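Given only the sequences and the hints, what does the whole structure look like? Please build it.
These protein sequence lines map, in sequence, to chains B and Z. Note that the numbering used here numbers the first sequence so that position 46 is 46, with each residue one more than the last. Every position in the second sequence, counted from 1, becomes a number in the numbering used here once 70 is added.
Calculated directly from the structure, the hints in this document are not laboratory data. Source: prediction; values computed, not measured. A portion of the hints provided could be inaccurate.
Stated by the list, open to error - Partial pick of chain Z residues on the chain B-facing surface, computed with a CB cut under 7 Å: (1) TRP351; (2) TYR355; (3) VAL449; (4) SER453; (5) LEU457.
Stated by the list, open to error - Chain B is nowhere near these chain Z residues, computed Cβ spacing over 10 Å in every case: (6) ALA326; (7) LEU342; (8) LEU349.
Stated by the list, open to error - From chain Z, some residues computed to sit far from chain B (all C-beta separations above 10 Å): (9) SER129; (10) GLN175; (11) ALA210; (12) THR220; (13) ASP324; (14) ALA340; (15) ALA354; (16) GLY425; (17) ILE446; (18) ASP452; (19) PRO503; (20) LEU537; (21) GLU604.
For glycine and all other residues, C-beta sits at the position ideal for the given N, C-alpha and C.
What follows is each chain in one-letter form.
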Amino acid sequence: MNGLNVEANFDDADGFYVALIDAHRGLSDAASAALNARLILLLANHIGTMTVLYDALDKARAPIDEENSP
Amino acid sequence: MPKIPPQYTYRRSADQESTRVVHHPVIVVGAGPSGLSAAIDLAGCGIPAVLLDDNNTVSTGSRAICFAKRTLEIWDRLGCAAPMLEKGIVWQLGKVFFRDAQVYQFNLLPEGGHKMPAFINLQQYYVEEFLVDRVHELPAIDLRWKNRVTNVVQRGDVVALEIETPDGSYTLTCDWLIAADGANSPIRESLGVRAHGQEFHDQFLICDITMQAGFPTERWFWFDPPFHPGHSVLLHRQPDNVWRVDFQIGADADPADALRIENITPRINAMLGERKWNLEWASAYTFRCRKLDRFVHGRVVFVGDAAHQVSPFGARGANGAVQGVENLIWKLVRVLRGEASPALLATYDDERQYGARENLLNSTRATDFISPKSAISGVFRDSVLLLAKRYPFARALVNSGRLSVPCGYDDSPLNTPDVDDFSALARPGSACPDAAMIGHGRAGWLLEALGGGFVLLVVGIEVPDALRHVADLTVLELGSDLVDVNADLARRYDLADGGAYLIRPDQHVAARWRRLHEADVLRAMRRALGFDLEDVS
Numbered sequence: 001m002n003g004l005n006v007e008a009n010f011d012d013a014d015g016f017y018v019a020l021i022d023a024h025r026g027l028s029d030a031a032s033a034a035l036n037a038r039l040i041l042l043l044a045n046h047i048g049t050m051t052v053l054y055d056a057l058d059k060a061r062a063p064i065d066e067e068n069s070p
Numbered sequence: 071m072p073k074i075p076p077q078y079t080y081r082r083s084a085d086q087e088s089t090r091v092v093h094h095p096v097i098v099v100g101a102g103p104s105g106l107s108a109a110i111d112l113a114g115c116g117i118p119a120v121l122l123d124d125n126n127t128v129s130t131g132s133r134a135i136c137f138a139k140r141t142l143e144i145w146d147r148l149g150c151a152a153p154m155l156e157k158g159i160v161w162q163l164g165k166v167f168f169r170d171a172q173v174y175q176f177n178l179l180p181e182g183g184h185k186m187p188a189f190i191n192l193q194q195y196y197v198e199e200f201l202v203d204r205v206h207e208l209p210a211i212d213l214r215w216k217n218r219v220t221n222v223v224q225r226g227d228v229v230a231l232e233i234e235t236p237d238g239s240y241t242l243t244c245d246w247l248i249a250a251d252g253a254n255s256p257i258r259e260s261l262g263v264r265a266h267g268q269e270f271h272d273q274f275l276i277c278d279i280t281m282q283a284g285f286p287t288e289r290w291f292w293f294d295p296p297f298h299p300g301h302s303v304l305l306h307r308q309p310d311n312v313w314r315v316d317f318q319i320g321a322d323a324d325p326a327d328a329l330r331i332e333n334i335t336p337r338i339n340a341m342l343g344e345r346k347w348n349l350e351w352a353s354a355y356t357f358r359c360r361k362l363d364r365f366v367h368g369r370v371v372f373v374g375d376a377a378h379q380v381s382p383f384g385a386r387g388a389n390g391a392v393q394g395v396e397n398l399i400w401k402l403v404r405v406l407r408g409e410a411s412p413a414l415l416a417t418y419d420d421e422r423q424y425g426a427r428e429n430l431l432n433s434t435r436a437t438d439f440i441s442p443k444s445a446i447s448g449v450f451r452d453s454v455l456l457l458a459k460r461y462p463f464a465r466a467l468v469n470s471g472r473l474s475v476p477c478g479y480d481d482s483p484l485n486t487p488d489v490d491d492f493s494a495l496a497r498p499g500s501a502c503p504d505a506a507m508i509g510h511g512r513a514g515w516l517l518e519a520l521g522g523g524f525v526l527l528v529v530g531i532e533v534p535d536a537l538r539h540v541a542d543l544t545v546l547e548l549g550s551d552l553v554d555v556n557a558d559l560a561r562r563y564d565l566a567d568g569g570a571y572l573i574r575p576d577q578h579v580a581a582r583w584r585r586l587h588e589a590d591v592l593r594a595m596r597r598a599l600g601f602d603l604e605d606v607s
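The following block contains the structure:
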């Protein structure tokens with residue numbers, strides 16, 4: 001399979017979540033947005049494969065559309 | 071001192087005296103890089119061309135300044151690259167800055183064993199002057215200055231043009247009209263043909279300045295520099311100590327205001343500090359990324375900016391235009407001579423629509439990076455630039471223009487697909503890579519030896535006699551006609567004993583084989599001349 005892995009894959013899911021929230025502590029909204037952008041770019045390059053990245057973009061965008069739909 | 075542009079002489083043509091309308095096989099309208107190249111290529115193939123231009127001089131201002139390797143190779147075949155190489159400036163180092171610091175630098179690092187450099191910088195007015203010089207050496211071209219086309223009408227297979235001159239107007243007819251009349255193409259308007267695409271509102275201010283010294287021969291691109299906050303700036307060297315400074319000035323700037331010298335001076339001083347400079351030319355511009363849905367309309371064929379326009383990022387305007395002209399002319403010539411299927415002309419559209427889409431895609435992507443269109447795209451752009459300073463991966467995302475490389479016609483109906491295993495570089499549809507050669511005891515280049523007809527390039531085999539007598543096909547034998555001195559050809563073409571390449575007149579690969587069979591070559595050549603297309607349609 002060359003799609004996005006959506007099964008649990010973290011070494012330590014709780015640990016990652018705390019680290020992600022901690023990374024944003026004390027940042028302005030603008031600085032948080034910039035951090036997120038850097039994080040996405042770093043991770044996207046690590047993945048590298050376009051089929052996986054397109055799949056991730058699709059899946060990330062889908063729930064937002066649901067939230068926005070009446 | 072700014073260069074004084076040449077003034078060419080309007081001469082009354084005998085056609086204007088004629089009591090009946092004079093007919094020509096091919097008329098080219100517009101003596102810019104596209105139209106001049108088209109006429110020279112036609113003349114080289116023995117087809118006389120009338121070339122009409124509404125003005126009597128070359129381009130005003132430097133305009134296109136970066137000319138790519140493939141364009142230079144084409145102009146070399148047309149016999150006019152030597153003065154361009156002599157006058158032009160070769161550059162290979164580019165630097166990218168973000169705010170007050172350099173983010174990274176890149177080197178085009180030209181591979182050895184090619185006659186032409188990756189790029190030269192040369193003002194468009196020099197390019198046009200050298201092309202006009204070449205036209206003057208070719209009696210088959212009738213170049214008429216101050217001949218403005220005011221109307222074009224197609225009736226069946228004949229195109230009629232009304233032309234205005236200082237001596238009044240006259241009419242000509244032709245079998246084929248090549249419209250190279252620029253971005254605002256009056257011929258396009260006259261025929262009611264529309265270009266489709268995107269218009270960009272961001273404005274740019276070009277200042278060509280002369281400086282005695284001070285900057286190396288490199289391409290410098292700034293995002294959001296302290297001397298021009300919130301916008302981009304490009305600095306690029308041209309011959310005669312002229313420097314192109316291109317300021318992004320935003321959608322809301324007043325172009326007339328930006329062009330006032332009292333407003334230009336502080337912008338440039340903020341950038342250059344104490345250096346002395348003089349302004350040679352300034353121009354404010356916006357750009358469009360658009361093209362026609364079809365480049366061939368009956369007997370009128372659009373080329374260059376009349377057919378497609380791109381943003382300047384990546385030097386894809388003039389370079390794409392010249393590659394398009396080369397694609398057209400060998401086909402038109404063989405249709406005119408009755409050696410090709412008339413359907414071959416339609417593949418100019420197939421192949422160059424593909425090329426134009428590639429150029430539009432690249433130049434639009436660069437534009438989106440340089441001018442972010444939303445807050446979040448600005449955040450990503452700045453993040454990429456900050457990361458690029460520290461991490462190599464992010465440099466691949468920095469886009470200040472993806473520089474023009476030759477278009478490979480991978481899906482062209484003229485290609486004979488590979489049946490044997492080969493490396494990808496010289497695959498069918500791609501432009502032939504050059505290689506250093508010795509031919510007839512003289513050092514030279516593969517592309518010089520290919521010339522402008524079909525070529526069968528073979529190594530280590532007996533070529534069937536029948537193939538030596540095919541019209542428009544030259545057999546080149548590696549080892550006897552040409553010596554592959556550095557084995558560049560063997561490597562770049564993945565060519566070993568027994569193998570062969572069939573090369574089109576525009577120096578793109580048509581077919582290749584590990585073992586040569588006479589019937590395969592003849593079939594591939596017929597296919598490259600468009601004869602297979604007739605069965606399909």
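### Task
Please flag the earlier hints that this structure goes against, numbers listed from lowest up.
1, 2, 17, 18
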